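J.: Chain by chain, the residues:
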Amino acid sequence: MAVALASSPPVPTDDELLARLAGGDRKSLDELFKRYRLLAYRVAHRLLGNEADALDAVQDGFIKALTHLSGFQGRSTFKTWLLRVVSNAALDLGRQRGRREVLSLDASAAEEREHVDLLTVENVSAGLEREDLRQALDQALALLPEAQRRTFVLHADAELSYREVAEVLGISIGTVMSRLYYARQKLRVHLEKWIKP
Amino acid sequence: MIGHDGQDGWTPSAELLAAHADGELNGAGLPAGLRQRVESWLAQHPEAAGEAEAQRRLTEWWQTTAPGDPGEGAWAPMAARLRALRLPPGKGRRWSRLTWLAALGGAGAACLWLALTVMFTQGRQEALAPDGQTPSGPPLVDASPRGEAMEAFPVATAAEVEILSVQGEDTATLVVGELPVEGSLLLLQADELTLTNVEPAHDNMVPEIRKGGSAFMIVAPLDVEREDPEETNQG
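Quick mapping for you: the protein sequence lines, in order, are chains A and B.
Each residue of the first sequence is one higher than the one before, counting from 2 in the working numbering.
Each residue of the second sequence is one higher than the one before, counting from 12 in the working numbering.
Excised from the complex, chain A in its bound form:
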């Protein structure tokens, strides 16, 4: 029996989307935004510690990246270039505003969204534990020097390879290795009670 398979259109590469955007195709902008918004958000959230500031940093980063596309030379990938811009925006914002306490708008918003789910005793307990964990993660990250924190977040949260992290930060792979090693050593000590053996 012959089976006809519907072929889905090929997913355009970043370079193709950028070329279309340069030609005035605004749909490409939406596509690039959807492709990288969550990754950018995770990086910004880890660096800033709350949802509201993270969203501001993502927006700043995308605006800077899109209005300075002429500065993108294509020597790195769009993804690494964007994450560089977004992480710079996040760190700038963090310096301006200071890292907010973890129990902030972010926590309240999350609690509101999860309010219905938290009605049972078990879920209240789980919610508190999750909040404790969030605080522990934030405090542990705050212990790291900025360079180690940024290196670790780009590797662990943006899932960039060592080579890509080196590209984003303009450092050698050896330096990435070293920063990651010491960052994880410190995190392991601080988060020992949370990490299951």
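To be clear, the hints were calculated from the coordinates, so they are not data collected in a lab.
Hints are not guaranteed to be accurate.
Claimed, not checked - Restraint-style ranges between C-beta atoms, simulated for each label pair:
#1 G25(A) / N37(B): 13 to 23 Å
#2 Q55(B) / P10(A): 36 to 46 Å
#3 E130(A) / P42(B): 12 to 22 Å
#4 Q74(B) / K65(A): 18 to 28 Å
#5 A65(B) / R27(A): 46 to 56 Å
#6 D16(A) / A95(B): 18 to 28 Å
#7 G44(B) / G25(A): 26 to 36 Å
#8 Q136(A) / A43(B): 43 to 53 Å
#9 G75(A) / A43(B): 44 to 54 Å
These numbers were taken from a predicted model, which means no experiment stands behind them.
Note that the Cβ used here is the ideal one computed from N, Cα and C, for glycine as well.
Since chain A is already given, all that's left is putting chain B on it; use the hints.
T.: Frame of chain A; chain B shown alone:
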């Protein structure tokens, strides 16, 4: 970083073992054969793998705690703002005939405006120099019919001016005065101000110049020649 020669030969560093556990020793930018060398060493020292494995597990665990998607409600307004951005034209973008016509029209209008401005300025300068001497440059502030400089006008108040930062490329000129500026911002003609001496202020960066006891803001070039005290004493 990569390793060192111990008594029993080469020993990889802890960072290198962690990179191996992360599967990162195949990439470009690392010495050829490094991964095989580390694996040979680990085969003889299996007890050393535990530390690196713990580092890898930490990354895996960390990823399970990633912040969740804030949801379409957060993304939609951001996407709308991005769509409304006026993006610079891309490289190699073709201009339409209408765009060319608009650009030519704009350039023509700019040329006409420039020509009229030059003619107008020359006429005024001649009127300001009745003795036939050529003025040294256009006046910063208009003059009264009697030839006296009119009082400078305030263009901004302290509440309207906030200096957030000074870029490196702007250090060829200095903003002088208290930050934020107290009182009105005044513009002076060049001949209303005489710089006799410029001393660095307490921060060693911003000279402080006062007139009539109150600080005001001017922009002065940094190439003011300093008076050498020794030379002055000798002279």
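J.: Hint by hint, note whether the structure agrees.
T.: Here is what the structure says about each hint:
Evaluation of the 13 to 23 Å hint for G25(A) and N37(B) yields a failure: the beta carbon distance comes to about 41 Å. Checked against the given bound of 36 to 46 Å, the beta carbons of Q55(B) and P10(A), roughly 52 Å apart, lie outside it. Checked against the given bound of 12 to 22 Å, the beta carbons of E130(A) and P42(B), roughly 45 Å apart, lie outside it. With their beta carbons about 27 Å apart, Q74(B) and K65(A) fall inside the hinted range of 18 to 28 Å.
Separation of A65(B) from R27(A) is about 48 Å and conforms to the stated range, judged on CB atoms against 46 to 56 Å. Distance hint check for D16(A) and A95(B): the Cβ-Cβ separation is about 25 Å, which falls inside the suggested range of 18 to 28 Å. Taken as a hint, the range 26 to 36 Å is violated for the pair G44(B) and G25(A), whose Cβ atoms sit roughly 49 Å apart. The beta-carbon spacing between Q136(A) and A43(B), approximately 45 Å, falls within the hinted interval of 43 to 53 Å.
Separated by about 27 Å at the C-beta atoms, G75(A) and A43(B) break the suggested range of 44 to 54 Å.
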